[in-house]
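2 protein chains.
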Amino acid sequence: MALIVKKFGGTSVGSTEKIMNVAKRIIDEKKPGDQIVMVVSAMGDTTDDLIELAKGINSNPYQYTREMDMLLTTGEQVSIALLTMAFKSLGQKAISLTGPMVGMRTNSVHTKGKIVDIKPSRVRKELEKGKIVVVAGFQGADEKGDPVTLGRGGSDTSAVALAGALKADACEIYTDVDGVYSADPRLVPDARRMKEITYDEMLEMARLGAGVMQPRSVEMGMYFNIPIHVRSTFTNKPGTMIREAYTMEEKDFLIRGVAHDSNVAKVAVLGVPNDPGVAHAIFSALSDRNIAVDMIVQSIRNIEKNVTDMVFTIAQDDLAEAKQIVDGVADKLHAVAVLIEEDVAKVSIVGAGMLGNPGIATRMFGALADAQVNIDAISTSEISISCLIKGSQLKEAANAIHKEFFPEK
Amino acid sequence: MALIVKKFGGTSVGSTEKIMNVAKRIIDEKKPGDQIVMVVSAMGDTTDDLIELAKGINSNPYQYTREMDMLLTTGEQVSIALLTMAFKSLGQKAISLTGPMVGMRTNSVHTKGKIVDIKPSRVRKELEKGKIVVVAGFQGADEKGDPVTLGRGGSDTSAVALAGALKADACEIYTDVDGVYSADPRLVPDARRMKEITYDEMLEMARLGAGVMQPRSVEMGMYFNIPIHVRSTFTNKPGTMIREAYTMEEKDFLIRGVAHDSNVAKVAVLGVPNDPGVAHAIFSALSDRNIAVDMIVQSIRNIEKNVTDMVFTIAQDDLAEAKQIVDGVADKLHAVAVLIEEDVAKVSIVGAGMLGNPGIATRMFGALADAQVNIDAISTSEISISCLIKGSQLKEAANAIHKEFFPEK
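Just so you know, the sequences run in chain order X and Z.
The first sequence lines up with residues 1 to 409 when you count with UniProt numbering.
The second sequence lines up with residues 1 to 409 when you count with UniProt numbering.
There's no promise every hint is true.
As the list claims (entries may be wrong) - Listed next, with one range per pair, are the computed distances between beta-carbon atoms:
(1) Z:GLU29 <-> X:ASP327: 55 to 65 angstroms
(2) X:LYS93 <-> Z:LYS114: 19 to 29 angstroms
(3) Z:SER262 <-> X:GLY91: 36 to 46 angstroms
For the record, the hints were derived by calculation from the structure and aren't laboratory data.
For glycine and all other residues, C-beta sits at the position ideal for the given N, C-alpha and C.
Looking at chain X on its own, in the form it has when it is part of the complex (with noise of 0.2 angstroms):
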């Protein structure tokens, strides 16, 4: 008898074909006893549906955050209602429950809220009452009761903070690929599913732009301590284990993967004074509208003017209201100019292996070095190195990188 929850994506409930089949291999696989939590996101488009009837009303919805959670919410609600009378078809006692009534409280910053508690009592009685409870993934709702979404990959977040919440045996993400690899597969043909990662490493790897797994949900897991299973919607063989250490067989790779992220765009500020609180006029502005901040590269311009540039990047998706941010900051600040560059991409090994060795960061570089592709800017943490390349060099690079580090057998 285990409790486990079960996250299935957005493409895997596309239709109510699909959601037929979503039940039906739930039952089949369910063994008596065990308790089973769903957790969907909305049916395939629907998301992307209501975002074009909002630009209906308004070009730029987003800036009424709450209504357009207001409007987002409802996408998840009909899937897990589509869910529950499948199950329901098929015999299967089940109830659908909106992330307010699986006590999911968040705060108040629409769009992209962040969990603060989950009372989920509400769930443990009806899992009591031999139910499938089917959650509405992606929302919650903040104090005063309004409906707050989660932001990107929020279903996956959602899940795991409920399983950690419950207490469950495990949280399993279905997902339209297989596992974890070592690159993207659509990038890099020769890269190899993963059987095992550590929290910590797919954290990097998530952070870094490997998109299997938002960084939020890891941590999640990492917090709670709960295995995520990373696994196919179309088959039954097992995925990828993230958990706190991996067994002695997977332990021999140096690096544990090569993570790409094309959702980034490089901004300079030009010609600041390179005094004391300007990093922090530019960026706490930016912070304060959520907007989060990468790679940052400070540089002097003029020595003798006490002139410097400021050079960072942020998800290309934030570009918009970031340009004008920055703009307003750096007029008050003198600046010569605001660049965008579009065209970048980050490049990242990944791995607890390069701890104490040295030589990694320099086989990076020579792989780059090799395919003739230049460095813009390098980020380092413990566990991982990013290059900022050009966005055109992106797919050279990558397999470059891996190739380096994941010889073929």
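Following the hints, complete the assembly by docking chain Z onto the known chain X.
Leaving out everything else, chain Z in the frame of chain X:
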């Protein structure tokens, strides 16, 4: 300065363009200091689309009433988000609130819920901040916090009940007709718009099938003594005011209107024992499933065998479910047969003026006889007389009766 609740139905908010038009109109007409609560339905065909979607899971999705409510309540949630965005786009402060968020407490009869209590403290708070409050009609939440829809005409009921709980100055129901008519103009071309009508009369008209207002919302208006103004979405002209008593000038009509209802089916349970408890067995089985029975006629089939026929009408919408229930009961009672007749309709006259005017019924029956319409059953109330007739003769019947009581000027 006035507090006004304005309700817009699904066709009025059927597209983003129409939603913008509604927002513009409300802002144009708003007087300084006015407090406005908008109650809206789901956009145009949304509800039908959602029902179609559910049928992709199960051909009879309404057996899962709770999940239907979970599904259908998303329709209004979409409308309120969009209308609120429209107000904000036009520079007007506004906020959307779902049924549960306005404290609309219902019982737990899913898809046919009744309002138990309203605690609109959140609405008052937002109104005091100068916001137009946009509320999802048709929905509330039960004790457990589960979404419950109010059934047919639920949005009107929401609006009037909310107006009552807020002690509003008026409740305006915007609809695709410009008021209450002496008969349905689609059926009776000579029908005329009434300036005023009492709750009692409107209630009786509605109960007998006049589509403009559902009985429940009129009852709610009477309970709270809130004047209900039924008016057109498309013009600024005043419509019909429903209130406790009307002014002198409107008093000269003996009857207020001709109502009709084609959503009627006749069920005949033939050859049941004429024993105590037989009517109870049939009708309690139906009422247990919330199926309302309307006209009831019991006739003696065979007085020696002590056998009787039980004939009654129900809404055609309930027929499939009712048939199943009645067949079961008929079996137990050893009834000879259950016959269903769908080509029936009910035509009625309504008016407080018929009290103490015994000639009214005679004139109605005479008009029907002259039009060669056979009467299948008759029922009366203090202020109405209804006749069950062949459905195919409804148009001639309604026109004949209307002509009798509303002669051309």
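The hints, checked one at a time:
1. In this structure, GLU29 of chain Z and ASP327 of chain X break the distance hint of 55 to 65 angstroms, their C-beta atoms being roughly 40 angstroms apart.
2. A beta carbon spacing of about 26 angstroms between LYS93 of chain X and LYS114 of chain Z agrees with the range 19 to 29 angstroms that was offered as a hint.
3. At roughly 38 angstroms, the beta carbons of SER262 of chain Z and GLY91 of chain X sit within the given window of 36 to 46 angstroms.
When the structure is compared with the earlier hints, a violation turns up for hint 1 alone.
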